[in-house]
Amino acid sequence: MRYLVTGAAGFIGYHVAARLLGEGHEVTGVDNLNAYYDPTLKAARLARLTGTPGFRFERLDLADSRAVQALFAGAPFPRVIHLAAQAGVRYSLENPHAYVDSNLSGFLNVLEGCRQGPAEHLVFASSSSVYGANTRMPLSVHAHTDHPVSLYAATKKANEMMAHSYSHLFGLPCTGLRFFTVYGPWGRPDMALFAFTKAILEGRPIQIYNHGRMRRDFTYIDDIVEGVVRIAALPASPDAGWTGERPDPATSRAPYRLFNIGNDAPVELMDFVQALEQALGKTAVKEFLPMQAGDVLATHADVSELREATGFRPSTSVAEGVARFVAWYQEYFQVR
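The opening position of the sequence shown corresponds to residue 7 in the numbering used here, with each subsequent residue numbered one higher.
None of these hints come from the bench; they were simulated from the model. Each hint should be verified, as a subset may be incorrect.
To be verified - The following label-pair restraints were derived from C-beta to C-beta distances:
hint	residue 1	residue 2	range
1	PRO45	PRO211	38 to 46 Å
2	GLY80	ALA246	15 to 23 Å
3	GLN122	THR249	15 to 23 Å
4	GLY317	HIS174	45 to 53 Å
5	LEU295	GLY250	43 to 51 Å
6	ALA73	SER323	37 to 45 Å
7	ARG252	ALA49	46 to 54 Å
Note that the Cβ used here is the ideal one computed from N, Cα and C, for glycine as well.
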């Protein structure tokens, strides 16, 4: 199968592309290699993919409509896995226009490319952040998500709505995947685990928001990839039981679906820090701070639909996942 993977030099995109290549698929990866975080890490991920048979890389900005049109005109992509985005809840408070350019304009260009293809299936990254002010746990794809608490979350919610409109208008099979706090080797430096590890090894304090009183459904990267690959092979189809009188947000009379991918086992933030301390063999110096704007107190994924559709549910424990990340970090940066 021929795949297009956007954001292929990013954290999740790299792992998804590597998995598909390992299964013998052809993968075209695109990325703009922007400097939101250290581009050398992106280059290192990309170098590992470039040496793999079946991989082709195109450096382009998805907000460039002409470049994206040319990409899709070159050869059809039966399956498109769209993982490129401007990430980061906190950064969206500083540079909101970056989120409009990448997450809205960029996604529109991908939708147009898939429509013209036409693609057999578009799988796109959404986020647990779309649940926003929702507090009923576990968070279900059947719940309404009308109260985002950050611009990043609002753009991801918009992606879901944009995809549904294209699915309805043009019959484009679209599946949105709401990821829950992804972590693991080759992760992003702006995420908590990477930042905490670096600070602890350098003897600097780690910043813990809301005084540690938060719970997260930390999900290991391999579990995310397994879910993505399984769902990509199952193009969305219309739900015959869907009705406008009782509209289910997770399905549609169009070929459109939403799934959570999370560990279904939320962990207290301080327990997560303790797992990191144990893996490093060092105690962190902790700086407790108030809640940051755009954050939520807790996440917990209901993954029953994912399990029903694919037979898979994430299961990697935090202790195991953190230990694997630390082993990678120490080897990659040659530190102890």
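Between the beta carbons of ALA73 and SER323, is the distance compatible with 37 to 45 Å?
holds, 42 Å
Just to be sure I understand the hint, the distance between the Cβ atoms of GLN122 and THR249 should be within 15 to 23 Å; is that true here?
violated, 31 Å
Assessment of proposed distance window 43 to 51 Å (beta carbons of LEU295, GLY250):
Holds: the Cβ-Cβ distance is about 46 Å, inside 43 to 51 Å.
Holds or violated: the 45 to 53 Å window for the beta-carbon distance between GLY317 and HIS174?
With Cβ atoms ~29 Å apart, the hint is violated.
38 to 46 Å as the expected CB spacing between PRO211 and PRO45, which holds or is violated:
violated, 27 Å
Assuming the hint says 46 to 54 Å, is it satisfied by the Cβ distance from ARG252 to ALA49 or not?
Given range 46 to 54 Å: holds, Cβ gap about 49 Å.
Go ahead and decide if the range 15 to 23 Å is satisfied by the Cβ distance of GLY80 to ALA246.
violated, 37 Å
Hint violations for this structure: numbers 1, 2, 3, 4, all remaining hints satisfied.
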